[in-house]
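Student: Read off the chains here:
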Amino acid sequence: MTIKICEVAFEPFAEIQTFQNTLALSGKFGATSIFIGTLRDFNDGNDVQAMTLEHYDGMTQKQLAKIVAAANSKWQILDCLIVHRVGDILPNEPIVLVAVWSAHRGEAFEACRYLMEELKANAPFWKLEQLATNEKRWVSKI
Amino acid sequence: MITIRYFGSLKETIGRSNEALSVVESLTVLDVWHGVNVDFPLAENILTAVNMDYVARSHVVNDGDEVAFFPPVTGG
Numbered sequence: 707m708t709i710k711i712c713e714v715a716f717e718p719f720a721e722i723q724t725f726q727n728t729l730a731l732s733g734k735f736g737a738t739s740i741f742i743g744t745l746r747d748f749n750d751g752n753d754v755q756a757m758t759l760e761h762y763d764g765m766t767q768k769q770l771a772k773i774v775a776a777a778n779s780k781w782q783i784l785d786c787l788i789v790h791r792v793g794d795i796l797p798n799e800p801i802v803l804v805a806v807w808s809a810h811r812g813e814a815f816e817a818c819r820y821l822m823e824e825l826k827a828n829a830p831f832w833k834l835e836q837l838a839t840n841e842k843r844w845v846s847k848i
Numbered sequence: 029m030i031t032i033r034y035f036g037s038l039k040e041t042i043g044r045s046n047e048a049l050s051v052v053e054s055l056t057v058l059d060v061w062h063g064v065n066v067d068f069p070l071a072e073n074i075l076t077a078v079n080m081d082y083v084a085r086s087h088v089v090n091d092g093d094e095v096a097f098f099p100p101v102t103g104g
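So the protein lines, in turn, are chains A and B. The working numbering puts the first sequence at residues 707 to 848. The working numbering puts the second sequence at residues 29 to 104.
There could be a bad hint or two in this list.
What the hints assert, rightly or not - If you want the footprint, here are the derived chain B segments under chain A, 3+ residues with CB under 8 Å:
| id | stretch |
| --- | --- |
| 1 | 53-59 |
| 2 | 77-83 |
| 3 | 89-103 |
Please keep in mind that the hints were generated in silico from the structure rather than gathered at the bench. Source: prediction; values computed, not measured. Beta carbons are placed, not taken as given, at the ideal position from N, Cα and C, and that holds for glycine.
Let's have the full structure, built from the sequences with the hints guiding it.
Tutor: Below you can see the structure in the form of C-alpha cells.
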C-alpha cells in the first residue's frame, strides 16, 4: 500500500506501471481498477485557468492510511496506490490517482470506488481555483 | 502549550495560519476556538481535528496537542 503526495505534475500511467513492476504479485492479481481525476478548464459555469491545492501535511497521510486500512478490512485487496497532487496545477494535469490490485474484478472495482469517495469526504485538501478573469475562488462542497 | 492551525478559506477569513495558546485549565476544542477568536463565531460547517484526527468540538484537549480548524474538504 503506497500513498504519495506530489508537489509536481505526475504521469499516472507511468506511476501505475512503475508500482506494478515492484509488486511481488506475478500471477496473483486478476484485476486492476484505476481512477484518475484530472483538472478541468471549467467549473460552475466559469473558465478555470489554474488551481492551487492546499493540504494539511501529516493529517492527509494519516487519514488516507486509515481509509486504506478500512478498505483492506472490507475487501481482499492485494495492493493499492494513491497519488495526490498539491500545489499549483494546470488544466489537463492529473489531480489524483487511485489504483487497486486484487484477484477478482468485484473487489477491485468496489475498493477503488470506496477509496476515492472516502478520500473526497475525509482527506484534508482544499482547492483554490484561479478563474480566467484572474479571480480566485475556493471550491466549496455542495 | 497548544498549537492551533487553520486551513483553506478559514485561514484567509481570520488572517492567520497558526498560533499557540497556553493551557491553564481543561479546555474543549470549542473553548480553544473562543480563546483565540473573540470576534469570530465558529461557523457550523467548520471541521475540527486534534493531533490530525477528526474530533467533536466537545473533545477535551491536552497540553502539547495540535488543534486544527478548517472548512469542508474538497480534494480528489
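Student: Now tell me if each hint is right for this structure.
Tutor: Status of the hints after comparison with the structure:
1. Closer than 8 Å: that is the beta-carbon criterion, and the stretch 53-59 of chain B has 0 residues meeting it against chain A, so the requirement of 3 is violated.
2. Taking a C-beta to C-beta cut-off of 8 Å, the stretch 77-83 of chain B contributes 4 residues in contact with chain A, enough for the three needed, and the coverage statement holds.
3. Under a criterion of three residues with beta carbons nearer than 8 Å to beta carbons of chain A, the stated coverage of the stretch 89-103 of chain B is upheld, 7 such residues being counted.
In this structure, the one hint that does not hold is number 1.
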